[in-house]
Amino acid sequence: MNITDLYREHFKHERFANAKMLEMMAGVADENKSDSRFARAVVIADHLAACRINHLKFITAAGGPYEAWFDQEANFEGLAEKFARAEAAWTEYLEALTVEDALANFGIPVEDGKFWPLQTRIQIEQLIGHAAYHRGQIVLLVDMLGGETVDTDYVDWVVG
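When we follow this note's numbering, the leftmost residue of the sequence shown carries the number 1, and every step to the right adds one.
Do not take every clue at face value.
Stated by the list, open to error - Computed cross-link-like contacts, BS3-like style, restricted to lysine-lysine with a CA-CA straight-line distance of at most 30 Å:
id, residue 1, residue 2
1, Lys114, Lys82
2, Lys33, Lys12
3, Lys82, Lys20
4, Lys12, Lys57
5, Lys20, Lys57
6, Lys57, Lys82
7, Lys57, Lys114
8, Lys82, Lys33
9, Lys82, Lys12
10, Lys33, Lys20
Bear in mind the hints are in silico, worked out from the structure with no lab data behind them.
Nothing here was measured: the structure is a model prediction, and the numbers come from that model.
Construct the entire structure; sequences and hints are all you get.
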């Protein structure tokens, strides 16, 4: 398995884990969805999708407009569509990704028209860990709100 096949494999797992995360959030009792912890879970989930959308634009030099990194106005009802949009774009991108593309540099815009150079593979690997980190936060918030949680670990997905 080469590096690009590995990224495609990890992204399939991420799509599975995102779907489970959204199911967990949906399972929170309606009376608890007005709790500030649920609102925080929504903002974090929205952030995951925004990161995927924005970083793909950076990698492909597609340009803005960019998604808000932490949209305090995000709502649960819009999450499924935003994840579907992000996941469709990344699936298409990863299907065409070559090893040479993964090793190439791209620029993340910082300020004053300057860019921070980064190797594509590093950003892809960062996004994989970043997603697991934030999904863990969401699982904790769902648990605190009395919702049912499920394990979304990679190894469980592979053997499950």
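Against the structure, the hints:
no. : hint              : result
1   : Lys114 with Lys82 : holds, 28 Å
2   : Lys33 with Lys12  : holds, 29 Å
3   : Lys82 with Lys20  : holds, 15 Å
4   : Lys12 with Lys57  : holds, 20 Å
5   : Lys20 with Lys57  : holds, 26 Å
6   : Lys57 with Lys82  : holds, 15 Å
7   : Lys57 with Lys114 : holds, 16 Å
8   : Lys82 with Lys33  : holds, 19 Å
9   : Lys82 with Lys12  : holds, 17 Å
10  : Lys33 with Lys20  : holds, 18 Å
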